[in-house]
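Protein chains in written order, with numbering that gives the first Met the number 0: chain A, 0 to 277; chain B, 0 to 295.
Treat the hints with care, as some may be off.
[Said to hold, decoys possible] With a Cα cut of at most 30 Å, we get these calculated DSSO-like pairs of lysine-lysine: (1) B:Lys150 x B:Lys215; (2) B:Lys128 x B:Lys150; (3) A:Lys105 x B:Lys1; (4) B:Lys64 x B:Lys43; (5) B:Lys219 x B:Lys289; (6) B:Lys219 x A:Lys105; (7) B:Lys102 x B:Lys215; (8) A:Lys102 x B:Lys43; (9) B:Lys43 x B:Lys185; (10) B:Lys64 x B:Lys128; (11) B:Lys7 x A:Lys105; (12) A:Lys105 x B:Lys215; (13) A:Lys105 x B:Lys289; (14) B:Lys219 x B:Lys102; (15) B:Lys157 x B:Lys128; (16) B:Lys157 x A:Lys102; (17) B:Lys102 x B:Lys2; (18) A:Lys102 x B:Lys150; (19) B:Lys157 x A:Lys132; (20) A:Lys132 x B:Lys43; (21) B:Lys150 x B:Lys185; (22) B:Lys64 x B:Lys185; (23) A:Lys105 x B:Lys2; (24) A:Lys66 x B:Lys128; (25) B:Lys64 x B:Lys45; (26) B:Lys215 x B:Lys185.
Calculated directly from the structure, the hints in this document are not laboratory data. From a predicted model like this one, the values you see are computed outputs, not experimental measurements.
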Amino acid sequence: MKTKRFSIGQLLIQLFLVIWTVACLFPLYWLFTFSLKDNNEIFGGNVVGLPHNWIWSNYANAWGAGKISLYLRNSVITTAVTLLLTLLLSFMSSYGLLRMRWKGQKVTLTYLLLGLMIPMHAALLPLLGVLLKLNVLSTHWGLIIPYTAFNIPMAILIISGFIGAIPYDMEEAAFIDGSGIYRTAFTIILPMMLPAMVTAAIFVFLQVWNELLMASVFVSSDNVRTLTVGIQQMFGQYQTDWGPIGAALVIGTLPTLILYLCMSSQVQRSLIVGAVKG
Amino acid sequence: MKKVLSNKWHIMVFVLPTVLFFTCIVIIPIAMSAFYSMLDWTTKTKPTLDYFVGFRNYVEMFTSKRSVFPDAVAHSLLYAACSVFLQLPFSLLLALLLARGVKGEGFYRNVYFIPVIISSVVIGQLWRKIYNNDYGLLNMFLRSIGAPTPKGGWLANKETRLWATFVPVLWQFVGYHMLLMYGALKSISRDILEAAYVDGASGPRMAFSIQIPLIKPMLKVCLSFSLIGSFKLFDMVKILTDGNRGTEVPATTMYREIFTVHHYGGGSAMAMFIVAECLVFTLLLNLIFKEQDQLR
Numbered sequence: 000m001k002t003k004r005f006s007i008g009q010l011l012i013q014l015f016l017v018i019w020t021v022a023c024l025f026p027l028y029w030l031f032t033f034s035l036k037d038n039n040e041i042f043g044g045n046v047v048g049l050p051h052n053w054i055w056s057n058y059a060n061a062w063g064a065g066k067i068s069l070y071l072r073n074s075v076i077t078t079a080v081t082l083l084l085t086l087l088l089s090f091m092s093s094y095g096l097l098r099m100r101w102k103g104q105k106v107t108l109t110y111l112l113l114g115l116m117i118p119m120h121a122a123l124l125p126l127l128g129v130l131l132k133l134n135v136l137s138t139h140w141g142l143i144i145p146y147t148a149f150n151i152p153m154a155i156l157i158i159s160g161f162i163g164a165i166p167y168d169m170e171e172a173a174f175i176d177g178s179g180i181y182r183t184a185f186t187i188i189l190p191m192m193l194p195a196m197v198t199a200a201i202f203v204f205l206q207v208w209n210e211l212l213m214a215s216v217f218v219s220s221d222n223v224r225t226l227t228v229g230i231q232q233m234f235g236q237y238q239t240d241w242g243p244i245g246a247a248l249v250i251g252t253l254p255t256l257i258l259y260l261c262m263s264s265q266v267q268r269s270l271i272v273g274a275v276k277g
Numbered sequence: 000m001k002k003v004l005s006n007k008w009h010i011m012v013f014v015l016p017t018v019l020f021f022t023c024i025v026i027i028p029i030a031m032s033a034f035y036s037m038l039d040w041t042t043k044t045k046p047t048l049d050y051f052v053g054f055r056n057y058v059e060m061f062t063s064k065r066s067v068f069p070d071a072v073a074h075s076l077l078y079a080a081c082s083v084f085l086q087l088p089f090s091l092l093l094a095l096l097l098a099r100g101v102k103g104e105g106f107y108r109n110v111y112f113i114p115v116i117i118s119s120v121v122i123g124q125l126w127r128k129i130y131n132n133d134y135g136l137l138n139m140f141l142r143s144i145g146a147p148t149p150k151g152g153w154l155a156n157k158e159t160r161l162w163a164t165f166v167p168v169l170w171q172f173v174g175y176h177m178l179l180m181y182g183a184l185k186s187i188s189r190d191i192l193e194a195a196y197v198d199g200a201s202g203p204r205m206a207f208s209i210q211i212p213l214i215k216p217m218l219k220v221c222l223s224f225s226l227i228g229s230f231k232l233f234d235m236v237k238i239l240t241d242g243n244r245g246t247e248v249p250a251t252t253m254y255r256e257i258f259t260v261h262h263y264g265g266g267s268a269m270a271m272f273i274v275a276e277c278l279v280f281t282l283l284l285n286l287i288f289k290e291q292d293q294l295r
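Bound-form chain A, shown alone (with noise of 0.2 Å):
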């Protein structure tokens, strides 16, 4: 009897779960049914069920017509630059202030990492007017400027959490060895402290590769404009044809699938791990 009570409860446990884990894969399905239909079945005629003629085009179409494949260079090239910018500054100013020893290193942290709690909304104008100064927004550095100094708070608060517990032993040998400091930091620790990176990137990848405010105030001319902005703007303009839109936002989430479906504890630690430690 007790057994037999105990399932049903399960059982209840397990549909609540499942309809859940259906509200939470609906866009994914929705979005790649949606890539594939013609405007007919999208307005009305099948808007929840497979597509009834599989229209491979879209993804032609959007490739070409719509712009796709030149957001989604310049989104390769802004995240790629800003993580690699964000990181070495990152492990560099960890290093300095970890593992080195001065007056003023508390201090100095404490400072880098206010930029935790201070929301980027604050410095939009100001920040235009710099970027103007610097006559970058016509550029990629329009964008991978205000990224990569916003992104490294929370790149260092990653990677300092780990560089503290590797053993002052390796500088040691290092330093008797013969090796200079730089190249005792970059071949040696660094190599250690790849899992850091890797938590550390994943969080920026995410961050820049999703961020819609900067992108749509920093941004003027299509030869820099990223993916998030594009296919927004692609709604408003293209009203006519539906599909290619769809195959345009499939194209978009790709990356980020991808880099989920392959590593989804690494990327589920490096959203989290920030909220925990700080």
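Following the hints, position chain B against chain A.
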């Protein structure tokens, strides 16, 4: 070794570029925002001390009849309340169920996190389709069971537009809070749980008297994330309704004030208000939790 690690020149090479860069791109612009917020700066004037008006922008954004900022702040507080009283308890329920060790625990955990990593643009456009007045899923369902649908569409109707804007954001981040709480629940020592089980605690009793009190530090983290998230809310509102009348939040109002109305001074005052709101609530939360700890 000490000599190498405290060499001033090396330290400068490692730390200075980051500090300078961060100062120029993050700190100085925020200081400038604070300065701009006290200027009467529009398209006709310049950001100089000649147009200094003190705290007039701050007073006007709350007292001027045309200002929608008080509404925007009210909306963000309402959203914060929804997040704290609906989203967090729901996430906690999911986390508790998963942490009990149901079948497919890992699968559910991975799936529930998917909405978190998908871009707001995608999620926003999906919900616009769901809400669409003519062919939206929601209305199709309501019509099929003969229920009434809101006039003008979910995102335009006066009664529904604000709630319709909140639901997607609440839905999207359930997985995030769930994962934070789940992690904390999983790190509770098995001995404690087994001892409680032997003492006769199970199910809800176990949750309320053992598990929830033990993950209080993580609940505080979730609480501060949901509060700060409420005040910074922008992407989804911008995509769903463009922050139109009745759905405005502080960040969309600020965006409009600066980039559409070109009231740079007033917009900066709103920006500073958002920063202050985030800081004040973080401090308040710390104080509340500290006091509770001392009461024990």
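How the hints compare with the structure:
At most 30 Å may separate the alpha-carbon atoms for a hinted pair to count; Lys150 (chain B) and Lys215 (chain B) exceed this at roughly 44 Å. With a C-alpha separation of about 16 Å, the suggested pair Lys128 (chain B) and Lys150 (chain B) falls inside the 30 Å cut-off, and the hint holds. Only pairs whose Cα atoms come within 30 Å are accepted, and Lys105 (chain A) paired with Lys1 (chain B) is accepted, the gap being roughly 18 Å. Simply put, Lys64 (chain B) and Lys43 (chain B) have alpha-carbon atoms about 22 Å apart, close enough for the 30 Å limit, and the pair holds.
In summary, the hint linking Lys219 (chain B) to Lys289 (chain B) is supported, as the alpha carbons are separated by about 11 Å, within the 30 Å threshold. Distance restraint check for Lys219 (chain B) and Lys105 (chain A): the Cα-Cα separation of roughly 25 Å lies within the 30 Å cut-off, and the hinted pair is therefore satisfied. Only pairs whose Cα atoms come within 30 Å are accepted, and Lys102 (chain B) paired with Lys215 (chain B) is accepted, the gap being roughly 26 Å. For the hint pairing Lys102 (chain A) with Lys43 (chain B), the CA-to-CA distance comes to about 48 Å; that exceeds 30 Å, so the pair is violated.
Of the supplied pair hints, the one linking Lys43 (chain B) and Lys185 (chain B) is violated, its CA atoms being roughly 59 Å apart against a limit of 30 Å. At roughly 35 Å between alpha-carbon atoms, Lys64 (chain B) and Lys128 (chain B) are farther apart than 30 Å, so this suggested pair is violated. For the hint pairing Lys7 (chain B) with Lys105 (chain A), the CA-to-CA distance comes to about 16 Å; that is within 30 Å, so the pair holds. About 28 Å separates the Cα atoms of Lys105 (chain A) and Lys215 (chain B), which keeps this hinted pair within 30 Å; it holds.
With a C-alpha separation of about 23 Å, the suggested pairing of Lys105 (chain A) with Lys289 (chain B) holds against the 30 Å cut-off. Under the criterion of a C-alpha separation no larger than 30 Å, the hint pairing Lys219 (chain B) with Lys102 (chain B) is consistent with the structure, at around 29 Å. Of the pairs offered as hints, the one joining Lys157 (chain B) and Lys128 (chain B) holds, with about 19 Å between alpha carbons and a cut-off of 30 Å not exceeded. Restraint check for Lys157 (chain B) and Lys102 (chain A): not satisfied, since their Cα atoms lie roughly 59 Å apart, outside the 30 Å limit.
Under the criterion of a C-alpha separation no larger than 30 Å, the hint pairing Lys102 (chain B) with Lys2 (chain B) is inconsistent with the structure, at around 57 Å. For the proposed pair Lys102 (chain A) and Lys150 (chain B), the alpha carbon gap of about 66 Å is over 30 Å, so the pair is violated. A distance of roughly 43 Å separates the Cα atoms of Lys157 (chain B) and Lys132 (chain A); the hinted pair therefore is violated under the 30 Å criterion. Of the supplied pair hints, the one linking Lys132 (chain A) and Lys43 (chain B) holds, its CA atoms being roughly 20 Å apart against a limit of 30 Å.
Straight-line distance between C-alpha atoms of Lys150 (chain B) and Lys185 (chain B) comes to about 47 Å, which puts the hinted pair past the 30 Å bound. Simply put, Lys64 (chain B) and Lys185 (chain B) have alpha-carbon atoms about 52 Å apart, too far for the 30 Å limit, and the pair is violated. Our distance criterion of 30 Å between C-alpha atoms is met by Lys105 (chain A) and Lys2 (chain B), whose separation comes to about 20 Å. Of the pairs offered as hints, the one joining Lys66 (chain A) and Lys128 (chain B) holds, with about 23 Å between alpha carbons and a cut-off of 30 Å not exceeded.
Taken as a hint, the Lys64 (chain B) and Lys45 (chain B) pair is honoured in the structure, with Cα atoms around 25 Å apart against an allowance of 30 Å. Restraint check for Lys215 (chain B) and Lys185 (chain B): satisfied, since their Cα atoms lie roughly 14 Å apart, inside the 30 Å limit.
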